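These protein sequences, in sequence, are chains A and B. Position 78, counted from 1, in the first sequence is what the working numbering calls 78; the numbers after and before it change by one each time, with no gaps. Position 139, counted from 1, in the second sequence is what the working numbering calls 139; the numbers after and before it change by one each time, with no gaps.
Hints should not be assumed to be uniformly reliable.
All copies of an identical chain are treated as equivalent in the list; a pair is satisfied when it fits inside any one copy or across any two copies.
No more than 16 angstroms apart at the CA atoms, straight line, and that leaves these computed lysine to aspartate or glutamate pairs for EDC-like [to be verified]:
(1) Lys389 <-> Asp58
(2) Lys13 <-> Asp287
(3) Lys22 <-> Glu69
(4) Lys346 <-> Glu115
(5) Lys392 <-> Asp58
(6) Lys381 <-> Glu40
(7) Lys2 <-> Asp225
(8) Lys364 <-> Asp330
None of these hints come from the bench; they were simulated from the model. Note that the coordinates shown come from a computational prediction; the quantities given were computed from them, not determined experimentally.
Protein chains: 2
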Amino acid sequence: MKYTFSDRVQSLKPSAIREIFKYAADPTVVSLSAGNPAPEAFPTKAIAEISARIFQDDPISALQYSVTEGYAPLREFISKYMKEKHSVGSENDDILITSGAQQIMDLASKAILNEGDVVVCENPSFIGSLNTFRSYNARLVGVPIESDGINIDALEKTLKTEKNIKFIYTIPNFQNPSGVTMSLEKRHAVYDLAKKYGVLIIEDNPYGDLRFSGEFLPCIKSFDDEGLVIYSGSFSKVISPGMRVGFTIAPKEIIQKMVVCKQGQDVHTNIWSQLVCCEFLTKYDFDAHLEMLRNVYREKAAYTMKLMDENLLPNITYQKIDGGLFLWCDLPESVDMQKFCLDAVKNKVCVVPGTAFMANPEDKTNSFRINYSTPTNEQLKKGIQILGKMAKEF
Amino acid sequence: MKYTFSDRVQSLKPSAIREIFKYAADPTVVSLSAGNPAPEAFPTKAIAEISARIFQDDPISALQYSVTEGYAPLREFISKYMKEKHSVGSENDDILITSGAQQIMDLASKAILNEGDVVVCENPSFIGSLNTFRSYNARLVGVPIESDGINIDALEKTLKTEKNIKFIYTIPNFQNPSGVTMSLEKRHAVYDLAKKYGVLIIEDNPYGDLRFSGEFLPCIKSFDDEGLVIYSGSFSKVISPGMRVGFTIAPKEIIQKMVVCKQGQDVHTNIWSQLVCCEFLTKYDFDAHLEMLRNVYREKAAYTMKLMDENLLPNITYQKIDGGLFLWCDLPESVDMQKFCLDAVKNKVCVVPGTAFMANPEDKTNSFRINYSTPTNEQLKKGIQILGKMAKEF
Numbered sequence: 001m002k003y004t005f006s007d008r009v010q011s012l013k014p015s016a017i018r019e020i021f022k023y024a025a026d027p028t029v030v031s032l033s034a035g036n037p038a039p040e041a042f043p044t045k046a047i048a049e050i051s052a053r054i055f056q057d058d059p060i061s062a063l064q065y066s067v068t069e070g071y072a073p074l075r076e077f078i079s080k081y082m083k084e085k086h087s088v089g090s091e092n093d094d095i096l097i098t099s100g101a102q103q104i105m106d107l108a109s110k111a112i113l114n115e116g117d118v119v120v121c122e123n124p125s126f127i128g129s130l131n132t133f134r135s136y137n138a139r140l141v142g143v144p145i146e147s148d149g150i151n152i153d154a155l156e157k158t159l160k161t162e163k164n165i166k167f168i169y170t171i172p173n174f175q176n177p178s179g180v181t182m183s184l185e186k187r188h189a190v191y192d193l194a195k196k197y198g199v200l201i202i203e204d205n206p207y208g209d210l211r212f213s214g215e216f217l218p219c220i221k222s223f224d225d226e227g228l229v230i231y232s233g234s235f236s237k238v239i240s241p242g243m244r245v246g247f248t249i250a251p252k253e254i255i256q257k258m259v260v261c262k263q264g265q266d267v268h269t270n271i272w273s274q275l276v277c278c279e280f281l282t283k284y285d286f287d288a289h290l291e292m293l294r295n296v297y298r299e300k301a302a303y304t305m306k307l308m309d310e311n312l313l314p315n316i317t318y319q320k321i322d323g324g325l326f327l328w329c330d331l332p333e334s335v336d337m338q339k340f341c342l343d344a345v346k347n348k349v350c351v352v353p354g355t356a357f358m359a360n361p362e363d364k365t366n367s368f369r370i371n372y373s374t375p376t377n378e379q380l381k382k383g384i385q386i387l388g389k390m391a392k393e394f
Numbered sequence: 001m002k003y004t005f006s007d008r009v010q011s012l013k014p015s016a017i018r019e020i021f022k023y024a025a026d027p028t029v030v031s032l033s034a035g036n037p038a039p040e041a042f043p044t045k046a047i048a049e050i051s052a053r054i055f056q057d058d059p060i061s062a063l064q065y066s067v068t069e070g071y072a073p074l075r076e077f078i079s080k081y082m083k084e085k086h087s088v089g090s091e092n093d094d095i096l097i098t099s100g101a102q103q104i105m106d107l108a109s110k111a112i113l114n115e116g117d118v119v120v121c122e123n124p125s126f127i128g129s130l131n132t133f134r135s136y137n138a139r140l141v142g143v144p145i146e147s148d149g150i151n152i153d154a155l156e157k158t159l160k161t162e163k164n165i166k167f168i169y170t171i172p173n174f175q176n177p178s179g180v181t182m183s184l185e186k187r188h189a190v191y192d193l194a195k196k197y198g199v200l201i202i203e204d205n206p207y208g209d210l211r212f213s214g215e216f217l218p219c220i221k222s223f224d225d226e227g228l229v230i231y232s233g234s235f236s237k238v239i240s241p242g243m244r245v246g247f248t249i250a251p252k253e254i255i256q257k258m259v260v261c262k263q264g265q266d267v268h269t270n271i272w273s274q275l276v277c278c279e280f281l282t283k284y285d286f287d288a289h290l291e292m293l294r295n296v297y298r299e300k301a302a303y304t305m306k307l308m309d310e311n312l313l314p315n316i317t318y319q320k321i322d323g324g325l326f327l328w329c330d331l332p333e334s335v336d337m338q339k340f341c342l343d344a345v346k347n348k349v350c351v352v353p354g355t356a357f358m359a360n361p362e363d364k365t366n367s368f369r370i371n372y373s374t375p376t377n378e379q380l381k382k383g384i385q386i387l388g389k390m391a392k393e394f
């Protein structure tokens, strides 16, 4: 049998990062290529307690079919929490629990994008989301990101010239992969441009709670008087990624379409994990947990940046981060970045070449991404020392 | 803001059954409209034990990110089990763990269907799958189902005349909603026709293990020398639906495309639930569990059919079932089925009008669906007596 596939997946490839993972699976290789949250930050004991209690009190509630919109008490808690803490969510918004934030990208794309429609994204940006947009045959247009966020002039030029733009995809806090946080002025500017040109915004905020230094900045969604923003939240970095629980707060009309798409996609998100998240958020001290988590990341990021200062500078430069999981490293123009990443693997350290995160194959970058949350301190030291040795040989 | 949605979801509506659920939420209404497995059949105690053990031994394995293909030991077990028990799966096949079997319909559609492509289905058929196909703008062509399965002449006529057919969707065991089991001859005939006309088959088998009487029949996938069949399996009816764990066994090339689509959809299926399923399948007596489960359903179905014989016959007829969760009831032609279902709600019993399951709005049916697994025996008695009273007034 000769199989024929849909036009939309003909050219889709598995994530480039996954290919790199194959090297990283070699136990003698230090992997700085993953994106896993630090396991020591998982509230393991609380989750075990909560789950045991659910199975004692009402196991059927965790095992039976549930509703597509998500577990009502969890939706209510998030709604209230996001409103009070972050001024996110209005009377015109609704909330949907999803199977991780990744599903938000899929459901929003499915509900909104026709084939050939344009998605504007920061360049570089998160490969997982870009691949989802690609899987609906969207055309990606990347706008350069600077140390304080997306280039506003370039964004406006894009909005003015491109046709059939449906939304702007942005990660304002500790962007993956660049580590950049968008300034308050730029958050307002992006919102105002979306309003002016009548396009939506998907604001992806998986790392917002992982700020370990600098000043908290409001979400773009907090300005959303016009109903332009689909806010994407996740418990993957603050509770557990394996449980796959995320949530979106977006205009009611959009949520209704996303609910219908989700019904056909997985009926509802694992209800056991929804119950566990709800109990953890409502019965435990979530703020204290976030504080503990920030301490873990602050310490680990500081350790990593110190190693990078000592080993990589001045040949490999990078931008300091205030949160998130990633560091974006720039090679001198004279160095072939792809070759450097391959040589690194041969030297037993694995990083992700920046090209993986570009909107289009022809978009140039000479950077690579390092993750500091997954490796142990020992692995970080070993890996960065190897990269440092390579940098000295430029 | 005036929102514009993609062409594919413009006309999508929430499942008609969900609308009926609104009536069913009234606690004074007896709901025979659900499709939940009997909660008394869940292996609650085993799941609680297994989960506690995982959290004692290796909690991070249940909470961290995992691979898109699914938990390797679970894939290996299913592979071996399906091969040995059901002769399903060859060297040219691969296996993918999904977030419920519903996701298989979505991933297969996404990988295979272009807009306007045709899906051939039994008429009536499972609304959840039909809505997924519709969400990719597929055109559904329904082929009548008879007491021994799909009408083979009508199927061949359809395959001969329709263009751009990509697959045949079938539920050979205890079909939802009709309760019909396809005969062995027809299973072979469907496979041979698929081969002759070069189309794929999606074989959806969520109820196969719920056979409580009659003779076991082999899956269509067990004849699959040519790589034509995407087999869809589920743990929703034999372990727990709330955990959302399903699996597909299909030709490697197709699985590869589905994996890429799944990566963009939810990264991977809840790993905690995958670990629990794996441990339950490998360390507990799964066959004994299935036997217990069949006893529960056998008893409950017999009780229901006795009530129906006493109350509904001869005015409302139905086909006896050997398994599954549903009974399909036929009204006399003189009775307006839609009005009957509405009147039933007014009389405090909720059933699903057959139109919900038809491939196209213009396809006629005078039947409705009853579920016997969710209500208690007391509710079944009350609900069927009300329907019986209505039937006597025809």
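A quick look at each hint next to the structure:
1. Lys389 <-> Asp58: neither (57 angstroms within a copy, 36 angstroms between copies)
2. Lys13 <-> Asp287: neither (40 angstroms within a copy, 40 angstroms between copies)
3. Lys22 <-> Glu69: Between copies only: 14 angstroms across, 37 angstroms inside.
4. Lys346 <-> Glu115: neither (41 angstroms within a copy, 45 angstroms between copies)
5. Lys392 <-> Asp58: neither (61 angstroms within a copy, 41 angstroms between copies)
6. Lys381 <-> Glu40: Answer is neither: 18 angstroms inside a copy and 54 angstroms across each miss the 16 angstroms cutoff.
7. Lys2 <-> Asp225: between (52 angstroms within a copy, 14 angstroms between copies)
8. Lys364 <-> Asp330: Only inside one copy: Lys364 and Asp330 sit 12 angstroms apart there, 65 angstroms across copies, limit 16 angstroms.
Hints 1, 2, 4, 5, 6 from the earlier list are contradicted by this structure; the remaining hints agree with it.
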